[in-house]
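Protein chains in written order, with this note's numbering: chain A, 3 to 292; chain B, 3 to 292; chain C, 3 to 292; chain D, 3 to 292; chain E, 3 to 292; chain F, 3 to 292.
The hints are simulated quantities; they were obtained by calculation from the structure and are not laboratory data. Not one of these hints is a red herring.
Pairs of lysine to aspartate or glutamate residues, derived as EDC-like cross-links and limited to a Cα-Cα distance of at most 20 Å, are as follows:
1) 176/F x 67/A
2) 176/A x 62/E
3) 176/C x 67/B
There are 6 protein chains.
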Amino acid sequence: MNELMLPRFMSCDARMEDAEIVVFGAGFDGTVTYRPGSRFGPQAMRSEFYGLETYSPMLDRDLTEIAVCDGGDLELPFGNTGSALDMINRTVTGIVEAGKKPFMIGGEHLVTLPAFKAVQLKYPDVCLLHLDAHTDLREDYLGEQLSHSSVVRRIWEIVGDGRIWQLGIRSGLKEEFAWAGEGHTSLRPFDLSAAAEAVKSLSGKRVYLTIDLDVLDPSIMPGTGTPEPGGVSFNELQKALCSFGRLNIVAADVVELAPRLDNSGISTAVACKVMRELLLLMGKPVLRND
Amino acid sequence: MNELMLPRFMSCDARMEDAEIVVFGAGFDGTVTYRPGSRFGPQAMRSEFYGLETYSPMLDRDLTEIAVCDGGDLELPFGNTGSALDMINRTVTGIVEAGKKPFMIGGEHLVTLPAFKAVQLKYPDVCLLHLDAHTDLREDYLGEQLSHSSVVRRIWEIVGDGRIWQLGIRSGLKEEFAWAGEGHTSLRPFDLSAAAEAVKSLSGKRVYLTIDLDVLDPSIMPGTGTPEPGGVSFNELQKALCSFGRLNIVAADVVELAPRLDNSGISTAVACKVMRELLLLMGKPVLRND
Amino acid sequence: MNELMLPRFMSCDARMEDAEIVVFGAGFDGTVTYRPGSRFGPQAMRSEFYGLETYSPMLDRDLTEIAVCDGGDLELPFGNTGSALDMINRTVTGIVEAGKKPFMIGGEHLVTLPAFKAVQLKYPDVCLLHLDAHTDLREDYLGEQLSHSSVVRRIWEIVGDGRIWQLGIRSGLKEEFAWAGEGHTSLRPFDLSAAAEAVKSLSGKRVYLTIDLDVLDPSIMPGTGTPEPGGVSFNELQKALCSFGRLNIVAADVVELAPRLDNSGISTAVACKVMRELLLLMGKPVLRND
Amino acid sequence: MNELMLPRFMSCDARMEDAEIVVFGAGFDGTVTYRPGSRFGPQAMRSEFYGLETYSPMLDRDLTEIAVCDGGDLELPFGNTGSALDMINRTVTGIVEAGKKPFMIGGEHLVTLPAFKAVQLKYPDVCLLHLDAHTDLREDYLGEQLSHSSVVRRIWEIVGDGRIWQLGIRSGLKEEFAWAGEGHTSLRPFDLSAAAEAVKSLSGKRVYLTIDLDVLDPSIMPGTGTPEPGGVSFNELQKALCSFGRLNIVAADVVELAPRLDNSGISTAVACKVMRELLLLMGKPVLRND
Amino acid sequence: MNELMLPRFMSCDARMEDAEIVVFGAGFDGTVTYRPGSRFGPQAMRSEFYGLETYSPMLDRDLTEIAVCDGGDLELPFGNTGSALDMINRTVTGIVEAGKKPFMIGGEHLVTLPAFKAVQLKYPDVCLLHLDAHTDLREDYLGEQLSHSSVVRRIWEIVGDGRIWQLGIRSGLKEEFAWAGEGHTSLRPFDLSAAAEAVKSLSGKRVYLTIDLDVLDPSIMPGTGTPEPGGVSFNELQKALCSFGRLNIVAADVVELAPRLDNSGISTAVACKVMRELLLLMGKPVLRND
Amino acid sequence: MNELMLPRFMSCDARMEDAEIVVFGAGFDGTVTYRPGSRFGPQAMRSEFYGLETYSPMLDRDLTEIAVCDGGDLELPFGNTGSALDMINRTVTGIVEAGKKPFMIGGEHLVTLPAFKAVQLKYPDVCLLHLDAHTDLREDYLGEQLSHSSVVRRIWEIVGDGRIWQLGIRSGLKEEFAWAGEGHTSLRPFDLSAAAEAVKSLSGKRVYLTIDLDVLDPSIMPGTGTPEPGGVSFNELQKALCSFGRLNIVAADVVELAPRLDNSGISTAVACKVMRELLLLMGKPVLRND
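Kindly produce the complete structure, drawing on both the sequences and the hints.
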């Protein structure tokens, strides 16, 4: 019965011990107040990933040339934010301790916090490169410190000034923009035109890249919890990603796909293509025999 | 500019001090692991309630004859289950202390716990009448004690044996059915044919009535988080509700409408009609001048 | 190029002069305040009708045995209720003057008014048999006399007491039920159990049959403007229709399908099957050579 | 990383060699002319199956007590009906040769043909028990012999008269009903009231049970290619299934779920519950240690 | 119970007497022939507005700094176009007579006619600045003069040549473009590149700004009645709006959002952001104490 | 009854013998493995085409000025790819033999093969101009040679090197790009910037123009089987089409609209506008009297 198959990210079929990159899903959306649904992100991407080709004509690379292990999806407890974040933290710790690069699929943006913590424990000097429509710099949200609107503020509390780049930001409180403007983060608003500047600044450093898919315009990414009109096109994002090819990305995540908000499925197709391009940029081609 | 209006439950226009019943929304769904969305229940019912008539030909009563205050919707913090439940508890406490009957619109079923606690503090002998597809008797769910699958078990911990009736139940763990069968609750499975038995048993007692709308068959209530085929028809539910007219219902709730899972809107229409019939059964006709 | 086809009601291919029944669409929904969309009823039924078989095992008759002409769909002006109703009136007048039976597909229920008027001009003693969830007996709606909630009241103004049967009614103002109860119409609420009584009463008379599809339960007819829980099942409706086979139905309509409110398409399938069964009941089998 | 999981039918975790029943998906819908989409049936059921409990209170049995292997989903070539059917045939042949009971999830109804052929080769005297809204007895469809509307006719060509029971049928050509009426199959139309008669007749024989989910009323199963109003309720189906518990079912399939036609997801929930009940009826409880 | 809230446009909480701008909804779509649904525009925007921040980083202003009163939504009679337009006219008259700036949310574009009339009575020299995909210059539509396709023609009949600017137009009859080309209106087709020219021409004059949201490309505004491919991006619109900051806008409206045509909700998000930016451009910052 | 109408492509009302162009639908999607639904393309375009104006302000031409015959939609057998393709081939042969220009509406891209064959038989030197996101150059797909992913390869087998231009391509196997790069086709990836080059090269030759609508970005064309992010905007496509006005286009098709994947309807609106612009570019203005 060798014709049978199980849902798995296409071409992500390396064994853990052979892999350079380990992909896993963290479908948590417990702190989302507005429109939930990013919990279904990993599942949807698994179902639709095979609609893509493994080959990227833009990068002239092929997923079959790199070693990616599919670690499956975490089963996270809803209603207990602390436990869910702990589970993510343990998973990423396991991956980086094994010398692999974690590639996490959200879930809401708060999942980046425990993943970043695990990476930072291993690589204390790691920097954050953050693409998003929203600042995510709130002190708290309705009194809660663990919120998707506060995730970058929490990370700043770990790494301090000068270690965070924020691109594409076009929404936030007046106070958040002011706080960033005091030099705590390098925030370049509205689009990705500062990508080259960021790459230059981060050159030679270890980088954690986090992509909130709502950095894209809602026309191409309607399936997200907090759509913010005025974002970048897919081609603008892809161009920026290409420029990140020169960075030393040790960990990455793609978050905030809420697939059921978009019946047409294009948001999931976008997320899958972003994932493919990122994997191709992070992975080193290897000889494989399949 | 007297032609202007704001969304409000139709005919629920008594002032707090004049009201017999106080309606409010508690759109919390933070512990739902499967399909979220009951957070949108109150909002959807507000938008659609005016599609109903105020008059019930089945009961031959009219909403305009009873005194209901619309208390609005609670703004609840997601990601912090404890805070959300506290806020509901304080709200219901305020209503029962003022001598009014609370009528809560969920939200997931866990919202019943803090509401029941507040009612039980005021009326220590109150009984629970529970209509649902699911037992909701788990000790915990993935280690969490505060879960919508455990809400009736938590209430049993407060009131003990002999105070809980469960009707329409058709899904649960083997252990839950066995535990109920030991006499902890009066569980009558599959349909509402035991309604008369329950009414007889609860006659003369104070009753908290909680209706999980998934007690209805998914054909008529598709918009709910955990649809369970094999439920009762709307007419069967309405007949049971009519029989509850003889009970002393001091508080009620209607939970688990997840309106965005049903684009056709019939689930919201059903929830609104259940709410109208219940209000008419709970309220005493008064002279009004509008 | 004889493989080409155009959308047409399946098997409704008689020429006007040869037809016994003439089908046409009147997709007007201009007075609907709540959820519009019955304007798309005829178009949707044309697209989906071919999903049905021509043969009814319940009736043991076949559409290919009767002579039905497809008159197409009226193009009605929105924003001018009077003009739209006039156009419908002229169309039905043309059909009855030619000695044919009109079969109209709505549109909202108000379209029945001009159609009935045309039929009544030809057959002054015609009675109305009305299946609906709603009374439709209002004097006016927000001051407007031409409203889908007033259509039966307007017809009563033409025919007077004793000529209108209303079945399945389960929603309306208290005053409407009271007014009907004074003997103006024969209103039998909630279900179709009085169908036999109606058939007996209408036996030997000319009948205009109007079916508001919301007489069905919303579980089987979610695609309608004002869904009212507690309706009849499809089998109950079909049984009643069978009993109408003994009546002298000179005109009929099926109204209030709003197909875009039901993405699944089952509402349109129901409307098409109701239409097929009705055509089979109204038509006399003829020899045909196709 | 033992918290990770991959989509698999809940509790279907026996190894092939230890299993009594082998479940697999055959998502082929290539001959569907009307509304495609049953190709997505197996995938949708895998995603949603975990919304169910493993325990059936109706049967008082638990999936954890029987040995089911999840064989995954076949990857079938579209555009070449013959190849797809061959692949299914080889798969079922492998299962029955290993002494296991195949449980196939469609796909359109044509997938039953190659599966039945494989079973019949092993058990030449096997009978077919067929639940459906449609006769499926056409000689051909637009000239094609391999069509979902002809599948039972093709099976009759293999087994001949007296070996096929058809229940719930309410749609077909006049000729099909007439042909069945000549005694070729035992067709009992409209509902499942003849289930007891069928069980009596099939008692002691090997049975292949095929369930076209459109035997259910479209109110509870809107997500199917050819919805036919007037079907049975879920409870009526469940009652019939219970009565089949006395049969010797050597193979089964559940076909025609088209999940994307039903955004609410209830059709998939129904299909999963039918599958659970059937597995519990077909499997013998075994001691298991997990 | 101060945690309770009612749906209200975020931060639009000034009292009528203190307000500079009065927002109200006019959800009329009675003359729409193609796809209705703009009647639900105001309601949807109320539900979703709180997904936005009050602060605009593009304008560096905050809604909390200006005085806006939420006047609620008009309840309009369907089926009687004249009455509905009268009600809008009276409402706007009340607002301008009180010295406030009306900000109307449609509804179809015809609602602009009675609003403009009321403003023009107060300010006889007011000019119209019109952003749209469609000319809206028809003499009549199917014989009706009061139609959303004729609204600008009707306004021209009031103000005459030289007082109307039309930007972004890309659809209409040949005659309409020809008529505009005779100098009756300043029509600049296809995009908003002529915004600077319009601003220069209108400088120092009172302006009524009407934005038909279908001026945007359907990719970012799918939820509208008559989507016309080839429109401007959100950023292009926002840039034009910024340039309008130098105009003396005495009244404004945003029309033709039909939210239920776009399940993803991005159209409503776009409409809300357009509304926020416009309010910030029209309002003068004031000291407030909340 | 001259107010009646039947669905027909607006203004495509010439008789066959008077027409310059013959439009017909070929709704076949039998080889689609991923997401079917282009079978519904022609039907959806018929329903929505009247939402467009007949006049194109970009081209300053009007559909009423050219002679187009609407040939209806082919009824194609599913499950038998060969028969379906034959039927299309015969239809196009009939059109070109009559000296008319065929304009086909898909369906999946494989329908281009039999249509091109028929045109090439008449005009042996015809070239292919191919706009698409995908290469469509596979030798086979899962062993099948007749697949929508192989259609251009099959056409190349007929015409050989130097006769095929491919624009907008951004997805395919590495081998496909390599094979094209050997000079078999003129493939210009990613966008339409090479349109001028193609026009120059094809000048003076007969051209078959095939437009796979997924050449557009999924933001504006979500309703297609295999959406590929990073495509061109509608304005970029329209500009390219304008430049094709100088070519001698003898046949054209527009394929891969899958309307039910896009509930908002914008994909169908885009397809209709592409069709209108193409018809206006292909047709010669004639005097007409209607």
